[in-house]
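Protein chains: 2
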Amino acid sequence: MDPPHNDRLLRAAKGDRVDRPPVWVMRQAGRYLQEFKNVRKKYNFFHICQTPELASKVTLQPLKRFKLDAVIIFSDILVIPQALGMSVEMLPEVGPSFPRPLKIPGDLALLECDVDVDVALGYVYEAISLTCQKLEGRVPCIGFCGAPWTLMCYMIEGRGSQTVSGAKKWLYAYPKESHILLDILTNICIKFLVGQARAGARYLQVFDTLALHLGRDLFVKFAFPCLKKIAAKVKDELKQQDLDVPMCVFSKGTHHCLEMFEDTSYDVVGLDWTVEPAYALQKLPTKTLQGNLDPGALYSSKEDIEVLVKEMVAKFGGGKSKYIANLGHGVYPDCEPENMKAFVDAITAIV
Amino acid sequence: MDPPHNDRLLRAAKGDRVDRPPVWVMRQAGRYLQEFKNVRKKYNFFHICQTPELASKVTLQPLKRFKLDAVIIFSDILVIPQALGMSVEMLPEVGPSFPRPLKIPGDLALLECDVDVDVALGYVYEAISLTCQKLEGRVPCIGFCGAPWTLMCYMIEGRGSQTVSGAKKWLYAYPKESHILLDILTNICIKFLVGQARAGARYLQVFDTLALHLGRDLFVKFAFPCLKKIAAKVKDELKQQDLDVPMCVFSKGTHHCLEMFEDTSYDVVGLDWTVEPAYALQKLPTKTLQGNLDPGALYSSKEDIEVLVKEMVAKFGGGKSKYIANLGHGVYPDCEPENMKAFVDAITAIV
Chain E
18 MDPPHNDRLL
28 RAAKGDRVDR
38 PPVWVMRQAG
48 RYLQEFKNVR
58 KKYNFFHICQ
68 TPELASKVTL
78 QPLKRFKLDA
88 VIIFSDILVI
98 PQALGMSVEM
108 LPEVGPSFPR
118 PLKIPGDLAL
128 LECDVDVDVA
138 LGYVYEAISL
148 TCQKLEGRVP
158 CIGFCGAPWT
168 LMCYMIEGRG
178 SQTVSGAKKW
188 LYAYPKESHI
198 LLDILTNICI
208 KFLVGQARAG
218 ARYLQVFDTL
228 ALHLGRDLFV
238 KFAFPCLKKI
248 AAKVKDELKQ
258 QDLDVPMCVF
268 SKGTHHCLEM
278 FEDTSYDVVG
288 LDWTVEPAYA
298 LQKLPTKTLQ
308 GNLDPGALYS
318 SKEDIEVLVK
328 EMVAKFGGGK
338 SKYIANLGHG
348 VYPDCEPENM
358 KAFVDAITAI
368 V
Chain U
18 MDPPHNDRLL
28 RAAKGDRVDR
38 PPVWVMRQAG
48 RYLQEFKNVR
58 KKYNFFHICQ
68 TPELASKVTL
78 QPLKRFKLDA
88 VIIFSDILVI
98 PQALGMSVEM
108 LPEVGPSFPR
118 PLKIPGDLAL
128 LECDVDVDVA
138 LGYVYEAISL
148 TCQKLEGRVP
158 CIGFCGAPWT
168 LMCYMIEGRG
178 SQTVSGAKKW
188 LYAYPKESHI
198 LLDILTNICI
208 KFLVGQARAG
218 ARYLQVFDTL
228 ALHLGRDLFV
238 KFAFPCLKKI
248 AAKVKDELKQ
258 QDLDVPMCVF
268 SKGTHHCLEM
278 FEDTSYDVVG
288 LDWTVEPAYA
298 LQKLPTKTLQ
308 GNLDPGALYS
318 SKEDIEVLVK
328 EMVAKFGGGK
338 SKYIANLGHG
348 VYPDCEPENM
358 KAFVDAITAI
368 V
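Chains as they are written, first to last, in the working numbering: chain E, 18 to 368; chain U, 18 to 368.
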């Protein structure tokens with residue numbers, strides 16, 4: 018793999034000094050863009066994910082509008098449960114929904130654990146390869162997966178939940194079976210991320226969005242070991258293939274144990290907007306930090322967005338090193354693209 | 018008001034040494050109890066709230082099962098928006114729902130801001146008085162209200178939301194109107210809490226459950242000033258009436274600025290389970306702390322619940338002073354009452 022012409026993201030991830038903070042945005046391709054909605058009118062959500070031509074098309078859409086330093090492959094964290102044989106639908110208003118979620122530990126027997134991930138999720142690799150071809154090295158393409166705990170939540174809850182109390186019931190009442198499920202998912206995440214890197218992804222992010230529901234004890238016991246193992250194993254396997262791909266963990270709401278990520282192989286720690294940059298800098302002195310503007314801030318006027326971005330970058334030490342600009346979670350569906358542009362422009366204007 | 022026979026809660030709130038931690042549980046009356054479900058079969062949710070005989074009956078139900086040190090009046094945080102003229106329904110599966118939420122700042126004109134709170138919410142005072150009569154001083158009755166920011170979220174979102182992005186849009190796009198709405202709600206909260214104390218409530222809690230969606234800057238700018246003013250004003254007004262009622266603030270997810278509550282008139286700070294007790298003890302040295310077992314922990318076996326309770330109390334310094342045992346949020350609807358009993362018993366067994 019030749020380095021992309023714009024390798025700002027990769028250098029910042031590795032801790033190198035850069036001219037200005039690289040910027041990309043979680044969910045930068047998607048529902049807030051009319052050109053995406055036009056594609057969605059014709060095809061259902063998972064059909065787009067599963068069709069490399071469509072997925073790569075949608076992946077590249079935001080690059081035409083905004084001066085982004087990366088694209089992130091258009092896909093969904095729930096492709097892993099799908100690969101395990103679970104049916105997932107995208108329902109209007111509701112979001113992703115599992116007609117038959119896991120109800121009792123015995124349901125684990127229904128999972129197709131012997132799946133060949135590289136076959137089942139080969140469409141994601143193809144979408145990444147195709148995207149890289151189309152990019153012609155302009156910017157790197159980001160690969161990703163959902164973290165085991167977050168996937169477990171969806172597989173048990175069956176849809177978004179305010180408390181994920183069903184999944185937490187497993188942790189408290191069926192700890193052994195929870196570990197079995199988390200192990201299955203961890204191993205699949207490892208293979209899937211390695212496959213994405215081999216297909217051309219230059220940066221890999223693990224999304225543990227639902228970690229926010231866990232207190233420190235449960236996070237340390239169940240979720241964190243999976244995250245740690247994923248980074249260690251993916252790095253190991255990529256090294257054997259002479260690939261060096263920075264990795265980022267976005268573990269939402271885990272302010273209570275940020276320091277634990279120091280002792281992992283992740284290069285980058287993504288932060289949500291409830292974490293103060295000064296606190297994160299103190300807890301994670303060796304890591305590159307990514308984030309963390311409140312997605313709601315994009316409801317502000319363009320002038321206010323510029324001020325908020327400047328404040329954020331200043332709080333992260335000016336952004337010349339070990340910092341990647343992003344929101345603190347995915348962009349909201351009703352975000353005005355013009356305001357997204359104001360966000361990206363405010364970063365790229367930094368000298 | 019004579020002190021209740023069991024004033025453990027009030028003494029712990031004031032920082033006095035007690036024989037063991039007082040215990041009560043958020044949502045201790047409600048959906049997880051069959052005797053409550055039996056009442057709900059006959060009456061709709063808000064009819065129960067609005068009928069003092071029913072509200073007091075439901076309030077006292079958990080006291081028959083568990084060795085609790087307080088009851089909390091059965092009511093809902095949304096009685097304040099109702100008093101302002103907004104219609105609220107309790108929908109199965111969905112929860113509270115506003116058929117006509119606030120959509121644009123102009124909708125503020127529709128609120129009945131000149132409402133006489135003591136008349137409109139007099140049914141809550143009557144429910145408290147009746148409950149106190151029936152209690153015959155056994156344990157104190159807790160009064161409460163929703164915090165202005167949390168109420169604003171419901172009034173704009175119209176129902177539970179994963180992001181409260183609609184309400185956050187107001188903060189970013191309409192800051193002036195947001196302050197107007199928050200001021201209206203703050204003043205009502207003050208009157209309502211004073212009225213509840215006059216009716217016999219011996220402990221007052223303010224629930225800012227949706228504060229978890231705010232980063233530090235927004236919390237400090239919008240939500241915190243309301244919370245601070247409420248405690249200061251309620252304490253002032255009660256003092257003039259020779260009433261001394263401890264106050265507790267439960268501001269979920271505000272780990273990033275716990276220390277700010279030191280400089281408020283609250284006696285007690287309620288914590289959710291993502292806050293480590295050691296961290297809270299360091300940030301809030303003068304306050305009594307309340308909480309913070311993960312409600313999900315009640316899915317554990319009774320033996321495990323006992324272990325988890327002991328660990329929690331130990332983390333809070335043993336619980337002989339400045340500590341009130343509780344969950345870190347409301348008990349879940351599918352909690353086994355036997356497990357709730359195991360939680361309460363584990364506290365009351367502490368010597």
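In case anyone wonders, no lab produced these hints; they're calculated from the structure. Check the hints yourself; a few may be wrong.
You can't tell identical chains apart in this list, so a pair holds if it fits in one copy or across any two.
To be verified - Straight-line alpha carbon distances no greater than 25 Å define the calculated DSS-like cross-link-like pairs of lysine-lysine that follow: (1) Lys74 with Lys84; (2) Lys300 with Lys186; (3) Lys238 with Lys120; (4) Lys358 with Lys208; (5) Lys59 with Lys319; (6) Lys238 with Lys59.
This structure is a prediction, so every number in the text was calculated from the model and none was measured.
Each hint tested on the structure:
1. For the identical chains of this complex, Lys74 and Lys84 are intra-copy neighbours only, at 17 Å inside a copy versus 62 Å across copies, given an alpha-carbon limit of 25 Å.
2. Taking the shortest Cα distances, Lys300 and Lys186 never come within 25 Å of each other, neither inside one copy (31 Å) nor across copies (31 Å).
3. With identical chains, the CA atoms of Lys238 and Lys120 are at most 25 Å apart within one copy only, with a shortest distance of 22 Å there and 43 Å across copies.
4. Within a single copy, Lys358 and Lys208 get their C-alpha atoms no closer than 35 Å, and across copies no closer than 45 Å, so neither meets the 25 Å cut-off.
5. Proximity of Lys59 to Lys319 under the C-alpha cut-off of 25 Å is found in neither arrangement, the shortest distances being 33 Å within a copy and 53 Å between copies.
6. Within a single copy, Lys238 and Lys59 get their C-alpha atoms no closer than 44 Å, and across copies no closer than 44 Å, so neither meets the 25 Å cut-off.
Consistency note: the structure conflicts with the earlier hints numbered 2, 4, 5, 6.
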